[in-house]
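The listed protein sequences derive, respectively, from chains A and P. Just so you know, the numbering used here puts 324 at position 301 of the first sequence, and the rest follows in order with no gaps. Just so you know, the numbering used here puts 29 at position 6 of the second sequence, and the rest follows in order with no gaps.
Hints in this document: simulated from the structure, not taken from any laboratory. Be careful, since some hints might not be right.
Note: identical chains are not told apart, hence a pair may lie in one copy or across any two.
Computed list of lysine to aspartate or glutamate pairs in EDC-like fashion (alpha-carbon distance at most 20 Å, straight line) [what the hints assert, rightly or not]:
{"no.": "1", "residue 1": "Lys273", "residue 2": "Asp241"}
{"no.": "2", "residue 1": "Lys303", "residue 2": "Glu58"}
{"no.": "3", "residue 1": "Lys26", "residue 2": "Glu157"}
{"no.": "4", "residue 1": "Lys26", "residue 2": "Glu39"}
{"no.": "5", "residue 1": "Lys26", "residue 2": "Glu141"}
{"no.": "6", "residue 1": "Lys185", "residue 2": "Asp77"}
{"no.": "7", "residue 1": "Lys303", "residue 2": "Asp293"}
{"no.": "8", "residue 1": "Lys185", "residue 2": "Asp131"}
{"no.": "9", "residue 1": "Lys185", "residue 2": "Glu118"}
{"no.": "10", "residue 1": "Lys303", "residue 2": "Glu280"}
Number of protein chains: 2
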Amino acid sequence: MIKLANDRLLRALLREPVDVTPVWMMRQAGRYLPEYRATRERAGDFMTLCRTPDLACEVTLQPLARYELDAAILFSDILTIPDAMGLGLYFSAGEGPRFERTVRSRRDVEQLGIPDPENELRYVMDAVRTIRRELDGRVPLIGFSGSPWTLATYMVEGGSSKDFGTVKGMMFDQPQLMHQLLDILARTVTDYLNAQIEAGAQAVMIFDTWGGALSPRDYREFSLRYMEQIVAGLSRENEGRRVPVILFTKGGSGWLEAMADTGCDALGIDWTIDLADARKRIGDRVVLQGNMDPCTLYASPERIRTEVEAVLTSFGHGEGHVFNLGHGIHQHINPDHVRVFIDSVHELSARFHQ
Amino acid sequence: MIKLANDRLLRALLREPVDVTPVWMMRQAGRYLPEYRATRERAGDFMTLCRTPDLACEVTLQPLARYELDAAILFSDILTIPDAMGLGLYFSAGEGPRFERTVRSRRDVEQLGIPDPENELRYVMDAVRTIRRELDGRVPLIGFSGSPWTLATYMVEGGSSKDFGTVKGMMFDQPQLMHQLLDILARTVTDYLNAQIEAGAQAVMIFDTWGGALSPRDYREFSLRYMEQIVAGLSRENEGRRVPVILFTKGGSGWLEAMADTGCDALGIDWTIDLADARKRIGDRVVLQGNMDPCTLYASPERIRTEVEAVLTSFGHGEGHVFNLGHGIHQHINPDHVRVFIDSVHELSARFHQ
Chain A
24 MIKLANDRLL RALLREPVDV TPVWMMRQAG RYLPEYRATR ERAGDFMTLC
74 RTPDLACEVT LQPLARYELD AAILFSDILT IPDAMGLGLY FSAGEGPRFE
124 RTVRSRRDVE QLGIPDPENE LRYVMDAVRT IRRELDGRVP LIGFSGSPWT
174 LATYMVEGGS SKDFGTVKGM MFDQPQLMHQ LLDILARTVT DYLNAQIEAG
224 AQAVMIFDTW GGALSPRDYR EFSLRYMEQI VAGLSRENEG RRVPVILFTK
274 GGSGWLEAMA DTGCDALGID WTIDLADARK RIGDRVVLQG NMDPCTLYAS
324 PERIRTEVEA VLTSFGHGEG HVFNLGHGIH QHINPDHVRV FIDSVHELSA
374 RFHQ
Chain P
24 MIKLANDRLL RALLREPVDV TPVWMMRQAG RYLPEYRATR ERAGDFMTLC
74 RTPDLACEVT LQPLARYELD AAILFSDILT IPDAMGLGLY FSAGEGPRFE
124 RTVRSRRDVE QLGIPDPENE LRYVMDAVRT IRRELDGRVP LIGFSGSPWT
174 LATYMVEGGS SKDFGTVKGM MFDQPQLMHQ LLDILARTVT DYLNAQIEAG
224 AQAVMIFDTW GGALSPRDYR EFSLRYMEQI VAGLSRENEG RRVPVILFTK
274 GGSGWLEAMA DTGCDALGID WTIDLADARK RIGDRVVLQG NMDPCTLYAS
324 PERIRTEVEA VLTSFGHGEG HVFNLGHGIH QHINPDHVRV FIDSVHELSA
374 RFHQ
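From just these sequences and the hints, can you work out the full model?
Okay, here's the thing in structure tokens:
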């Protein structure tokens with residue numbers, strides 16, 4: 024078992040005692056950091072940054088050089104999977120991610136192969152290995168993937184969507200075809216996350232960014248079910264340690280109980296529910312990760328501290344909390360405010376663990 | 024008391040017996056209708072359509088000529104209020120609504136006047152009067168306004184926003200200034216809705232489109248509180264009838280109990296909660312309006328009927344339900360599908376009222 028200098032995150036995810044609440048941020052390696060923007064410019068474009076292990080490693084480590092973060096998270100994109108399936112990912116200015124080919128017919132679905140993570144997605148695994156080597160046991164590394172439903176929205180719509188008309192039309196009218204697509208994606212994500220674990224990821228998170236656009240019934244049938252399938256197929260131990268799994272559905276606060284029943288170790292929580300209420304509903308079944316409104320970081324340092332205190336107080340005493348924002352950090356946040364945020368979590372949380 | 028040929032909506036909103044469940048659609052006068060697009064083109068631009076009572080009346084009545092809808096809703100825009108306050112509303116292609124002037128400082132807030140509905144917003148009241156005359160008692164007319172919080176997001180950001188960084192930064196750092204702005208808006212909305220009622224609106228709805236972007240605590244303090252203030256200030260009777268008030272917070276299914284306590288008659292419900300669960304939580308305190316996923320209308324007629332049945336079954340037997348989509352109808356919906364939807368609600372709901 025590799026010794027970690029700081030194993031707070033893993034301890035918290037397994038509900039073991041910690042001195043202070045661990046904290047990291049979704050999208051912590053990102054555009055709010057000038058050094059990220061510099062590396063991104065050097066790379067030329069976003070996908071080159073993702074596809075070049077040394078550059079992905081560089082940006083992964085940048086926030087750790089600035090802040091006392093308790094985890095690193097692999098720098099990558101959820102759309103590496105459909106890209107590896109041959110859909111031709113590209114980024115167009117102002118429009119976000121786009122695919123050259125969409126997946127809408129039976130023929131489209133049948134032509135999809137399950138990519139070999141150490142072949143088509145080897146650049147991701149190489150990034151994981153490089154980051155682990157460079158981290159050298161400072162903090163754990165989190166791997167991640169998009170959820171099958173979330174990936175399917177991009178693959179069917181051909182990119183980002185505001186209202187999901189095409190993918191939901193397919194879901195309503197051709198549920199069997201949608202299930203076929205989601206099953207392929209679930210198997211792909213399982214292989215992908217297992218390969219990340221094998222390459223060195225010490226915890227993994229599934230991002231279900233668009234599960235909250237579904238009704239409760241459709242969420243259970245078309246999103247949650249496939250995340251459960253993935254959780255059941257993951258290698259949960261590596262290097263002598265348990266590898267915790269975190270599920271996050273943005274807008275999913277209505278269904279936390281069902282999410283907790285998937286066999287995951289922790290739930291990501293957005294800021295539309297009080298942690299006190301989430302804890303009341305979930306009890307000790309899983310750990311809760313979250314949930315400060317990312318817009319808090321636009322406020323003054325004093326106000327940021329007050330909000331950190333409010334989130335800590337809402338969760339209350341005892342183990343089972345990983346501090347995070349309720350969604351990814353925004354690009355226009357002042358990096359100095361991030362330091363106040365991270366340091367406040369450590370300073371103010373000690374009394375909740377006595 | 025003016026006799027309505029079809030008073031199902033008002034009866035349902037007051038929990039009186041109905042033969043079938045009444046149905047209308049948010050944004051029912053809109054871009055999915057070719058006749059709307061023709062009138063809009065004739066008007067030249069969107070605001071001319073809003074500002075010309077005869078044209079606003081024309082588009083308001085268009086969906087009623089096609090479908091057996093149980094209500095008309097005033098064609099207008101929630102941003103008429105900040106426009107009347109002097110912010111200079113305009114629409115730029117691809118960017119949506121924009122304001123020439125934003126409201127960010129104490130000076131900006133102090134300069135805001137409360138518009139006189141029969142003066143700066145007279146075109147809206149004239150539209151209400153014209154529509155009532157042309158409706159001639161066929162179905163009731165619903166008036167509406169944006170909520171103070173929702174209006175404030177546009178006024179502070181200067182238009183639509185993805186992450187509400189500026190308005191939330193102001194909320195966190197200058198809560199007193201934000202409250203001052205929201206109080207001005209609450210008084211303006213109260214006057215505006217009372218004038219619509221006086222002009223002939225037979226029910227009113229408050230659209231809190233962006234309340235769901237707030238944490239529960241901030242929602243109560245910065246959105247719900249001001250909707251409660253408005254509800255308390257409304258004339259609830261006109262022409263010998265009670266004027267019901269409907270509150271709708273998109274993404275608000277976590278806070279239905281608090282919304283029901285505002286004194287409103289009904290809650291708009293989006294599709295992220297089962298009506299059965301919403302009814303269990305709210306009981307008979309208020310009527311529920313909703314909540315079919317608007318994307319259902321992309322599906323086949325057969326599937327649309329199945330979904331209508333599912334929503335009716337979820338609410339169950341008895342009074343207290345107004346059928347609607349969970350959000351506005353999308354622009355690319357086939358108008359023939361809308362007919363299937365409306366007719367299915369009437370055909371399939373009779374047995375729930377026996």
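Each hint tested on the structure:
In this assembly of identical chains, Lys273 and Asp241 lie within 20 Å of each other by CA distance both inside one copy and across copies; the values are 15 Å within and 18 Å between. For the homomeric pair Lys303 and Glu58, neither the shortest alpha-carbon distance inside one copy (41 Å) nor that between copies (52 Å) is at most 20 Å. Proximity of Lys26 and Glu157 under a CA criterion of 20 Å is satisfied intra-copy only: 15 Å inside one chain copy versus 78 Å between copies. For the identical chains of this complex, Lys26 and Glu39 are intra-copy neighbours only, at 16 Å inside a copy versus 69 Å across copies, given an alpha-carbon limit of 20 Å.
In this assembly of identical chains, the alpha carbons of Lys26 and Glu141 never lie at most 20 Å apart, being 26 Å within a copy and 73 Å across copies at closest. For the identical chains of this complex, Lys185 and Asp77 are neighbours neither inside a copy (34 Å) nor across copies (32 Å), given an alpha-carbon limit of 20 Å. When the C-alpha separation of Lys303 and Asp293 is checked against a cutoff of 20 Å, the pair qualifies only within one copy, where the shortest distance is 16 Å, while the shortest distance between copies is 25 Å. Taking CA atoms no more than 20 Å apart as the test, Lys185 paired with Asp131 passes in neither setting, with 23 Å inside one copy and 33 Å between copies.
Taking identical chains as interchangeable, the C-alpha atoms of Lys185 and Glu118 lie at most 20 Å apart whether they share a chain (12 Å) or sit on different chains (14 Å). For the homomeric pair Lys303 and Glu280, the shortest alpha-carbon distances inside one copy (11 Å) and between copies (17 Å) are both at most 20 Å.
Of the numbered hints stated above, those contradicted by the structure are hints 2, 5, 6, 8, listed in ascending order.
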